[in-house]
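Engineer: Spelled out, the chains give:
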Amino acid sequence: AQRVTQPEKLLSVFKGAPVELKCNYSYSGSPELFWYVQYSRQRLQLLLRHISRESIKGFTADLNKGETSFHLKKPFAQEEDSAMYYCALSPRGYGQNFVFGPGTRLSVLP
Amino acid sequence: DTGVSQNPRHKITKRGQNVTFRCDPISEHNRLYWYRQTLGQGPEFLTYFQNEAQLEKSRLLSDRFSAERPKGSFSTLEIQRTEQGDSAMYLCASSLGGGAGDEQYFGPGTRLTVT
Numbered sequence: 001a002q003r004v005t006q007p008e009k010l011l012s013v014f015k016g017a018p019v020e021l022k023c024n025y026s027y028s029g030s031p032e033l034f035w036y037v038q039y040s041r042q043r044l045q046l047l048l049r050h051i052s053r054e055s056i057k058g059f060t061a062d063l064n065k066g067e068t069s070f071h072l073k074k075p076f077a078q079e080e081d082s083a084m085y086y087c088a089l090s091p092r093g094y095g096q097n098f099v100f101g102p103g104t105r106l107s108v109l110p
Numbered sequence: 001d002t003g004v005s006q007n008p009r010h011k012i013t014k015r016g017q018n019v020t021f022r023c024d025p026i027s028e029h030n031r032l033y034w035y036r037q038t039l040g041q042g043p044e045f046l047t048y049f050q051n052e053a054q055l056e057k058s059r060l061l062s063d064r065f066s067a068e069r070p071k072g073s074f075s076t077l078e079i080q081r082t083e084q085g086d087s088a089m090y091l092c093a094s095s096l097g098g099g100a101g102d103e104q105y106f107g108p109g110t111r112l113t114v115t
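So the protein lines, in turn, are chains A and B.
Residue numbers for the first sequence follow this note's numbering, so the first one is 1 and each next one is one higher.
Residue numbers for the second sequence follow this note's numbering, so the first one is 1 and each next one is one higher.
Derived from the structure by calculation, the hints contain no laboratory data.
Treat the numbers as computed from the prediction; the structure is a model and nothing was measured.
We put the beta carbon where it would ideally sit given N, CA and C, even for glycine.
Treat the hints with care, since some could be wrong.
One-sided and incomplete, this derived list gives chain B residues near chain A with beta-carbon spacing under 10 Å [to be verified]:
id, residue
1, Tyr35
2, Gln41
3, Gly42
4, Ala88
5, Leu91
6, Gly107
7, Pro108
Derived DSS-like pairs: lysine-lysine, alpha-carbon spacing no greater than 30 Å straight-line [to be verified]:
id, chain 1, residue 1, chain 2, residue 2
8, B, Lys57, A, Lys22
9, A, Lys9, B, Lys11
10, A, Lys22, A, Lys73
11, B, Lys11, B, Lys71
12, A, Lys15, A, Lys57
13, A, Lys9, B, Lys57
14, A, Lys57, A, Lys9
15, A, Lys15, A, Lys73
16, B, Lys11, A, Lys65
17, A, Lys57, A, Lys73
18, A, Lys9, A, Lys73
In isolation and in its complexed conformation, chain A is listed as follows (with noise of 0.2 Å):
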């Protein structure tokens, strides 16, 4: 069965250092991987997948096939990504089954 693992509840970083949110999956074909962010009293939303190879609010992920991972990384930390931050899984590639790891509270500090 798909599963997706977040070692980290909460990781707290001063304002302007990095930050890396890891993510770990076990699944045997091939997936397609999510973060969604969740701000404080706002909805989960979609921050970046890793087919689109693209860089949201400076944020980048890579998919490690090797090492199952999909960490989310930002080189420069700022007060406003203080959030929920979620890896999800899609195992066939289309959206349906998403399987959500249990999150990591990021916390910027000032």
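Since chain A is already given, all that's left is putting chain B on it; use the hints.
Structural biologist: Chain B in isolation, oriented as in the chain A frame:
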């Protein structure tokens, strides 16, 4: 269109009662999803519709749960004979469909408390 809407936003019910939640997706979206989220966890997939057809249900979804999307527009999620373990946030999402990894747009959720 203001996005995905869900009603009610909060529901308190006594154990054993039935509850029904409604989700109105973004109008042109073909796909509609239901998730359940408990404290400290990510959203857990419950079921998924492509237009009016329910194409997938989680094995974790007990027989007390049923979902419909009768005209391919809004959807309802009913929980019969509620139990305290059903207390959670129920999220609805919709997507345009038709491609790999299409973006899901989430609603604000319905928070269910079973006393």
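Engineer: May I ask which of the numbered hints given earlier this structure violates, with the numbers listed in increasing order?
Structural biologist: Structure breaks hints 4, 16.
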